[in-house]
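Please work from the sequences and hints to get the whole structure.
Quick note, the sequences are listed as chains A and B, same order. Position in the first sequence (from 1) plus 109 gives the number in the numbering used here. Position in the second sequence (from 1) plus 6 gives the number in the numbering used here.
Derived by calculation from the structure, the hints in this document are not laboratory data. Heads up, some of the hints might be wrong.
[To be verified] Pairs of lysine-lysine, BS3-like flavour, derived with a Cα cap of 25 angstroms:
no., chain 1, residue 1, chain 2, residue 2
1, A, K165, A, K205
2, A, K145, B, K46
3, B, K77, B, K46
4, A, K160, B, K25
5, A, K217, B, K46
6, B, K25, A, K145
7, B, K50, A, K179
8, B, K47, B, K77
9, A, K160, B, K47
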Amino acid sequence: GQQVMQIPQYQHVQEGEDFTTYCNSSTTLSNIQWYKQRPGGHPVFLIQLVKSGEVKKQKRLTFQFGEAKKNSSLHITATQTTDVGTYFCTPSNTGKLIFGQGTTLQVKP
Amino acid sequence: DTAVSQTPKYLVTQMGNDKSIKCEQNLGHDTMYWYKQDSKKFLKIMFSYNNKELIINETVPNRFSPKSPDKAHLNLHINSLELGDSAVYFCASSQDRGRSYEQYFGPGTRLTVT
Chain A
110 GQQVMQIPQY
120 QHVQEGEDFT
130 TYCNSSTTLS
140 NIQWYKQRPG
150 GHPVFLIQLV
160 KSGEVKKQKR
170 LTFQFGEAKK
180 NSSLHITATQ
190 TTDVGTYFCT
200 PSNTGKLIFG
210 QGTTLQVKP
Chain B
7 DTAVSQTPKY
17 LVTQMGNDKS
27 IKCEQNLGHD
37 TMYWYKQDSK
47 KFLKIMFSYN
57 NKELIINETV
67 PNRFSPKSPD
77 KAHLNLHINS
87 LELGDSAVYF
97 CASSQDRGRS
107 YEQYFGPGTR
117 LTVT
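As structure tokens, then:
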């Protein structure tokens, strides 16, 4: 099945700094979904990317899907303490989500 | 209104016992899932049901048996619990919309086997 590698595994930033997590696949993906899981919480759907080169924004969050549809990224501008959590990317074309370890973001106030 | 609910939220039990976790969704979705999240945050799918029919059955020990009495409910029964079963179990649901499988997760059930 399709699997993705996410980097970095952990990231500590000072509040106000930017943050980026990258999602890479060895195969072409039909689409990709991003989820956020707060500490002690459950995964919450953020967005789905479908088109090659697609860029979508949600306030301070910018999601990109690579031209070759083999990678994706999530960039957070000016992090806040509310951004703390683990961010997962997952291919979603089969209905079976394949999660990795995600990227855990810590934000120091 | 809770979209996907699970009971219990916490479950502490001894090895060898049998336990069940219940899940209900009020979103009108056709598909429900069970995931297991270990201590390293790996989130792995276990089962998926679509309109009460099993459609995904990953490599999971036979001690785990899902049951879907109707499309709004998906329960998980675990026999002869082992230490390695300790994890957080998440139920999720989705409305199949072509290629869109946005999933809604329940709050999770933290299972501790002693």
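Evaluation of the provided hints:
1. A:K165 x A:K205: holds (23 angstroms)
2. A:K145 x B:K46: holds (16 angstroms)
3. B:K77 x B:K46: At roughly 31 angstroms apart (the allowed maximum being 25 angstroms), B:K46 and B:K77 break the hint.
4. A:K160 x B:K25: violated (44 angstroms)
5. A:K217 x B:K46: holds (22 angstroms)
6. B:K25 x A:K145: It is violated: about 29 angstroms lies between the C-alpha atoms, which goes past 25 angstroms.
7. B:K50 x A:K179: holds (21 angstroms)
8. B:K47 x B:K77: Not OK: B:K47 and B:K77 at ~28 angstroms, beyond 25 angstroms, violated.
9. A:K160 x B:K47: violated (29 angstroms)
Violated hints for the displayed structure, listed by number in ascending order: 3, 4, 6, 8 and 9.
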